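Can you build the whole structure from these sequences, using the hints too?
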Amino acid sequence: MPTSARRIGILLVNLGTPDSPETSDVRRYLNEFLTDGRVVDMPAAIRYPLFQGLVVPLRAPKSAKIYKELWTDRGSPLLFHGLDLKEKVQEALGDGYVVAFGMRYQKPGVAGALEELRAANVERIVVLPLFPQYASASTGSVQEKVMDLVKDWWIVPSISFISQFATEPGFIASIVARGRAEMDKQHYDHVVLSYHGIPERHIKKGDPTNYCRFGSCCDTLTDQNQYCYRAQCFATSRLIAVGLGLGPEQYTVSFQSRLQSRLRDPWLQPYTDEVLKEFPAKGIKNVLAFSPAFVADCLETTIEVGEEFKELFEEAGGEHWHLVPSLNSEPQWVEAVADMLRRH
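For the sequence shown, counting from 1, position 179 maps to 179 in the working numbering; every step adds exactly one.
Hints are computed from structural coordinates only; laboratory data are not their basis.
No experiment lies behind these values; they were computed from the predicted model shown.
Every residue, glycine too, gets a C-beta built ideally from N, C-alpha and C.
Some hints could be false.
[Claimed, not checked] Below 27 Å or equal to it, Euclidean Cα-Cα: the simulated DSSO-like pairs (lysine-lysine) are:
#1 205 <-> 151
#2 282 <-> 310
#3 68 <-> 107
#4 65 <-> 282
#5 310 <-> 277
#6 62 <-> 277
#7 277 <-> 205
#8 185 <-> 310
#9 62 <-> 185
#10 205 <-> 65
#11 107 <-> 88
#12 68 <-> 310
#13 151 <-> 185
#14 107 <-> 151
#15 310 <-> 62
#16 65 <-> 107
[Said to hold, decoys possible] So the derived label-pair ranges between C-beta atoms look like this:
#17 211 <-> 19: 19 to 29 Å
#18 308 <-> 49: 27 to 37 Å
#19 144 <-> 319: 37 to 47 Å
#20 319 <-> 72: 20 to 30 Å
Here it is as structure tokens:
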């Protein structure tokens, strides 16, 4: 509990979602998302005409069909799980805090959430981007957006960021609990931990010491690679494996959602959609999949990992592919988030 009479502001931020699964709304979302210079790090003179004029118009109708599969009676899962998390974290933290929630792209936006905290006259603000592993295209973009929005405030309170929580005990314990619940139901031959991919160049651009080799340098987290997305993904995976009692040969770390075919440069490997096709020939017929880069169900988890990868696995001869649900607003995760915020 804060010692001051003034309250502490908490800003929870997730990536974003279209207002609806209609093509026009999906197009607006993709336009904002794919023209972010931290997501697609091309010069603006190339990025805007390429994506607004070609990529987004072609991609929006296809993405809209997928979003229609994802949509529920409550709308976008990423949005309503975020709002549920906000309410439950507010309850867990109590009256000494004001919790706001915003999306980096589209609505509800970061600007409105910050205004909510400013109107509450909070003493300071703690920003928690809901991305466990730091990447410039996700956490870095949120940080840039927040600082850009507050630069015009006449009074700018102290603002701090929780830049990553890849190895936070509460985060790991919450995932392990979800995994154990599934493993208690049946036997699995293998576990896949699939993370959202990013271009390899993003890792190199964030490595001023030239430490990165995309290999054994990720075996441990050090001062040199503490903000390396790949190293953090492997660190998260090692801790989850320990919690589940898995040996190194019992799980695979891989990366999904690449745009390599369009941008023609390598993304983080191995690619999930490729490694899963090799499992059945190795006698791996039953797979339990996790998406530890996401804390809420969304298109990349429910559709890509849960349905598309399942279909690919079965086509290759696999028998059972099951996705562990995201943390969403489960009680253990709510308490883990509240604990992180109290300590910051």
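Hints, one by one, checked against the model:
{"no.": "1", "hint": "205 <-> 151", "result": "holds (26 Å)"}
{"no.": "2", "hint": "282 <-> 310", "result": "holds (17 Å)"}
{"no.": "3", "hint": "68 <-> 107", "result": "holds (18 Å)"}
{"no.": "4", "hint": "65 <-> 282", "result": "violated (35 Å)"}
{"no.": "5", "hint": "310 <-> 277", "result": "holds (10 Å)"}
{"no.": "6", "hint": "62 <-> 277", "result": "holds (24 Å)"}
{"no.": "7", "hint": "277 <-> 205", "result": "violated (32 Å)"}
{"no.": "8", "hint": "185 <-> 310", "result": "holds (19 Å)"}
{"no.": "9", "hint": "62 <-> 185", "result": "violated (36 Å)"}
{"no.": "10", "hint": "205 <-> 65", "result": "violated (35 Å)"}
{"no.": "11", "hint": "107 <-> 88", "result": "holds (20 Å)"}
{"no.": "12", "hint": "68 <-> 310", "result": "holds (19 Å)"}
{"no.": "13", "hint": "151 <-> 185", "result": "violated (52 Å)"}
{"no.": "14", "hint": "107 <-> 151", "result": "holds (21 Å)"}
{"no.": "15", "hint": "310 <-> 62", "result": "holds (20 Å)"}
{"no.": "16", "hint": "65 <-> 107", "result": "holds (20 Å)"}
{"no.": "17", "hint": "211 <-> 19: 19 to 29 Å", "result": "violated (42 Å)"}
{"no.": "18", "hint": "308 <-> 49: 27 to 37 Å", "result": "holds (30 Å)"}
{"no.": "19", "hint": "144 <-> 319: 37 to 47 Å", "result": "holds (45 Å)"}
{"no.": "20", "hint": "319 <-> 72: 20 to 30 Å", "result": "holds (28 Å)"}
Going through the hint list in order, the structure does not satisfy hints 4, 7, 9, 10, 13, 17.
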